[in-house]
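Enquirer: Chains as they are written, first to last, in my numbering: chain A, 382 to 494; chain B, 17 to 131.
If you are wondering where the hints come from, they were derived from the structure by calculation, not from laboratory data. These numbers were taken from a predicted model, which means no experiment stands behind them. Where a beta carbon is used, it is the ideal one built from N, C-alpha and C, also for glycine. Check each hint, because a few of them may be wrong.
Some chain B residues flagged as far from chain A (calculated, every beta-carbon gap over 12 Å) [what the hints assert, rightly or not]:
hint	residue
1	72
2	75
3	83
4	127
5	130
6	131
Below 20 Å or equal to it, Euclidean Cα-Cα: the simulated EDC-like pairs (lysine to aspartate or glutamate) are [unchecked claim]:
hint	chain 1	residue 1	chain 2	residue 2
7	B	73	B	54
8	A	481	A	437
9	A	386	B	75
10	A	423	B	40
11	A	481	B	31
12	A	386	B	70
13	A	481	B	70
14	A	423	B	54
Label-pair distances were calculated between CB atoms; the ranges are [unchecked claim]:
hint	chain 1	residue 1	chain 2	residue 2	range
15	A	438	B	23	32 to 38 Å
16	A	441	B	68	36 to 42 Å
17	B	60	A	421	29 to 35 Å
18	B	79	A	464	34 to 40 Å
19	B	69	A	460	21 to 27 Å
20	A	395	B	129	15 to 21 Å
21	B	25	A	395	20 to 26 Å
22	B	25	A	437	35 to 41 Å
23	B	54	A	399	27 to 33 Å
24	A	403	B	19	28 to 34 Å
25	B	54	A	403	19 to 25 Å
26	B	54	A	457	39 to 45 Å
These are the residues of each chain, in order.
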Amino acid sequence: QQQVKQSPQSLIVQKGGIPIINCAYENTAFDYFPWYQQFPGKGPALLIAIRPDVSEKKEGRFTISFNKSAKQFSLHIMDSQPGDSATYFCAAIGSGNTGKLIFGQGTTLQVKP
Amino acid sequence: DGGITQSPKYLFRKEGQNVTLSCEQNLNHDAMYWYRQDPGQGLRLIYYSQIVNDFQKGDIAEGYSVSREKKESFPLTVTSAQKNPTAFYLCASKGRQGGLVYGYTFGSGTRLTVV
Chain A
382 QQQVKQSPQS LIVQKGGIPI INCAYENTAF DYFPWYQQFP GKGPALLIAI RPDVSEKKEG
442 RFTISFNKSA KQFSLHIMDS QPGDSATYFC AAIGSGNTGK LIFGQGTTLQ VKP
Chain B
17 DGGITQSPKY LFRKEGQNVT LSCEQNLNHD AMYWYRQDPG QGLRLIYYSQ IVNDFQKGDI
77 AEGYSVSREK KESFPLTVTS AQKNPTAFYL CASKGRQGGL VYGYTFGSGT RLTVV
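Extracted from the complex, chain A is given alone in its bound form:
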């Protein structure tokens, strides 16, 4: 069963634009929400992550906004660059050391020069 829903499936922006990727979850037992960036033929790499007791986190040009009451979170990429073109996955991890990683369906981002 899908517990993390991600949208849109694909996104095209111009260089300098601010793409926004949205995710929603159902299970309130999740306590950690990472975002992964994946380039073709490579494994996903951790980009940024947030805990539900924080409403926003910024790391460089990447920002996560988190709405615990709505069970939604989103990734914003400021001043997007062609090198940001990749597939982005949101994910959620259950509480405790044994918590499994549940992925969203992924968003393919293309940043045009």
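Go by the hints and put chain B onto chain A.
Expert: Chain B in isolation, oriented as in the chain A frame:
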């Protein structure tokens, strides 16, 4: 540098053949995972292991088998019972990572194609 090594990068399987994908980590992580990725889809969990000599089925375990005889190694066998094995396979481990409580580290993947 610590990380996860998957081999081979590309693998071709004939009909009715079993193949084994290798996954080795030097991160000293207890938990290891196998995911399958199909084009345009997210990652689906095949098997996972929280500790040596123990493993559990994930969401799509049918047609796959694993072993966990060493902490560093978690090989995945794609058996002939897996009817649609063509996919990108990713191995991951979980443990304390930098400033994070529990982080997942992924390998670079093995692309398996049925010929």
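Enquirer: Next, verify each hint and record whether it holds.
Expert: Evaluation of the provided hints:
1. 72: violated, 10 Å
2. 75: violated, 9 Å
3. 83: holds, 20 Å
4. 127: Non-interface label on residue 127/B violated, nearest chain A Cβ at 8 Å vs cutoff 12 Å.
5. 130: holds, 19 Å
6. 131: Nearest chain A Cβ is 19 Å from residue 131/B, so the label holds.
7. 73/B x 54/B: holds, 19 Å
8. 481/A x 437/A: violated, 23 Å
9. 386/A x 75/B: This hinted pair holds, its Cα atoms lying about 17 Å apart.
10. 423/A x 40/B: holds, 16 Å
11. 481/A x 31/B: This hinted pair is violated, its Cα atoms lying about 32 Å apart.
12. 386/A x 70/B: Status violated; Cα separation ~31 Å.
13. 481/A x 70/B: It holds: about 16 Å lies between the C-alpha atoms, which stays within 20 Å.
14. 423/A x 54/B: Cα-Cα ~13 Å, so holds.
15. 438/A x 23/B: 32 to 38 Å: The hint (32 to 38 Å, Cβ to Cβ) holds, given that residue 438/A and residue 23/B are roughly 35 Å apart.
16. 441/A x 68/B: 36 to 42 Å: holds, 38 Å
17. 60/B x 421/A: 29 to 35 Å: Violated: the Cβ-Cβ distance is about 19 Å, outside 29 to 35 Å.
18. 79/B x 464/A: 34 to 40 Å: With a Cβ separation near 38 Å, residue 79/B and residue 464/A satisfy 34 to 40 Å, so the hint holds.
19. 69/B x 460/A: 21 to 27 Å: At roughly 49 Å between Cβ atoms, residue 460/A and residue 69/B fall outside 21 to 27 Å, so the hint is violated.
20. 395/A x 129/B: 15 to 21 Å: violated, 36 Å
21. 25/B x 395/A: 20 to 26 Å: violated, 34 Å
22. 25/B x 437/A: 35 to 41 Å: holds, 38 Å
23. 54/B x 399/A: 27 to 33 Å: With a Cβ separation near 30 Å, residue 54/B and residue 399/A satisfy 27 to 33 Å, so the hint holds.
24. 403/A x 19/B: 28 to 34 Å: At roughly 31 Å between Cβ atoms, residue 19/B and residue 403/A fall inside 28 to 34 Å, so the hint holds.
25. 54/B x 403/A: 19 to 25 Å: holds, 22 Å
26. 54/B x 457/A: 39 to 45 Å: violated, 28 Å
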